[in-house]
Amino acid sequence: MRFQPVIGLEVHVQLKTDSKIFCGCSTSFGSEPNSQTCPVCLGLPGALPVLNKKVVEFAIKAGLATNCSITPRSIFARKNYFYPDLPKGYQISQFEDPICQRGWLDIQVEGQELKRIGITRIHMEEDAGKLVHGEVSGLEEGSGVDLNRACTPLLEVVSEPDLRSSDEAVAYLKQLHQIVTWLGICDGNMEEGSFRCDANVSVMPVGSDVYGTRAEIKNVNSFKFVKQAIEYEIQRQIDLIEDGGRVVQETRLFDPNAGKTRSMRGKEEAHDYRYFPDPDLVPLVIDAAWVEQTRQELPELPECRRQRFMAAFSLPAYDAEVLTASRELADYFEACVALGANAKAVSNWVMGEITRSLNDSSTSIGTCPISPRLLVELLKLIDVGTISGKIAKTVFDEMWRSGKEPAAIVEEQGLVQVSDSGAIESIIDEILAREAGQVEEYRSGKDKLFGFFVGQVMKASKGKANPTVVNELLLSKLKG
Amino acid sequence: MDISVADVEHVARLARLELSEAEKSLFAGQMGAILGYVEKLKGLNTEGILPTSHAVPMENAFREDVACPSIGVEKALANAPDRADSFYRVPKVIE
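As given, the protein sequences belong to chains A and B, one line each in that order.
Each residue of the first sequence is one higher than the one before, counting from 148 in the working numbering.
Each residue of the second sequence is one higher than the one before, counting from 232 in the working numbering.
Next up, chain A with everything else stripped away, as it sits in the complex:
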């Protein structure tokens, strides 16, 4: 029998606010344990949570960017369970009437058609604290609880079970990741847990429309692990069914070292969270004007910008895709074009030298040592024929190192292109005299040798000869 995987994702997006969702404690990462806590996030009796307005604004932005409806009146609920990282014995979340509902994202898996993935809901909630095991002296026995992260604002984005492969799951995740970082509501740091994913995975016979029993996989904190975990889990379930077994509904933990998922013991008890409206938090009413105002404040989203880059600058789809990988990169590109540079030339440099140098130095475009103005200056030098495209790469590397103006580098290092035909002619004559044998072969029909002559001339001129002039002169001289 052949099987069809069915996958739904729950993504936790940590919001980039300065303070926590229900109190004024800082959300910064890496401070001394429990130093960013107060009666509210410690769950002390009598403390009153008050909603951070920015969390609501960020949630509306996320909802609009993922085509959701914004719920006019939403409420917070208590999700009741006991765990040492949850000081109150309940998590403040949303259950009925979450802030965003019924959205979608269109995803693209390479070589496949565009596919629409439904988003069931997006709700706001607080994060739990962090448990530490064994790493600290005094914790050889027992576990440590750090509540700095408790009450940090999260959005939980729940997809419909519309995903049918690990590739689709990764494409969906990457797109969602791009949107929340583009909106500036999440720093997107997966290692620090700012963007994390639980995957619900089941399999059913191909052609069936009845979903199989699903397992929920927790703790997948990179795109690579999501793919691995889902693929492992699909195969595990298929093997189990083919051996006559049954998939049980359970929570499983992905172990990146083993590349496997394993059952999480101790959580077998059926979830019974007894949600009820939190009386401490009054209903949240969002009128049409607020939604509209937020819509006006939205940046141009990646998909729109891709389309515009193709239409306005006649860029190929590939270029538009690469240039909109992040908002900063797209801004950099547009800043160059706004300074009058040719869009395709800028695109080539951004996708080529800039990206390569950023990767080599592990920096991001935000801290690129070559500003748009300097890059455009360099392109101008090529345009007016002062330097060749090849020499420009040398100049670029020097600009990257020193931050100097391209014209100054060209002057200092004597890199000005030689376009004077007299000077080039004498180099060519010298080469043709030296390589008489090759000239003979060329003239008897071995056209391929033309490149050899060009190479020799360029080498003799230390790369400074104007390639166009070299080509013209060589052609006419070789004709004989």
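Just to be clear, a hint being listed does not mean it is correct.
Said to hold, decoys possible - Residues of chain A placed beyond 10 Å of chain B at every Cβ, according to the derived structure: (1) D165; (2) G193; (3) K200; (4) G291; (5) D390; (6) T441; (7) C451; (8) M498; (9) S623.
Claimed, not checked - Computed footprint of chain A on chain B; a stretch qualifies when at least three of its residues, placed anywhere within it, have a C-beta under 8 Å from a C-beta of chain A: (10) 269–279; (11) 282–292; (12) 300–312.
Hints listed in this document are in silico derivations from the structure and should not be mistaken for laboratory results.
C-beta atoms are modelled at their ideal positions from N, C-alpha and C, and glycine is treated no differently.
Using the hints provided, position chain B relative to the given structure of chain A.
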């Protein structure tokens, strides 16, 4: 309303309460009586009335996103039954 001993055991487990057999049947009776009393509300005509989530007619209480000083590690841990360094210490949690 009938509440069984099994119902009492279920909510007791969720609340991490340990009850004796006598308590279980005692509470089953008491909980049944409370729920039976609340059942009376079903006799009211609530057509066209939205479920009430809050008892006070208020909405949209916000704070601005401004970080304020926290109370400090020592105060945070002052009531902790057990600690290690700046952590609360709890019995080993195995995942």
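Outcome of the hint check:
no.	hint	in the structure
1	D165	5 Å, violated
2	G193	14 Å, holds
3	K200	4 Å, violated
4	G291	3 Å, violated
5	D390	28 Å, holds
6	T441	15 Å, holds
7	C451	28 Å, holds
8	M498	37 Å, holds
9	S623	71 Å, holds
10	269–279	violated (count 0)
11	282–292	holds (count 8)
12	300–312	holds (count 6)
In the structure shown, a violation is registered for the earlier hints numbered 1, 3, 4 and 10, in ascending order.
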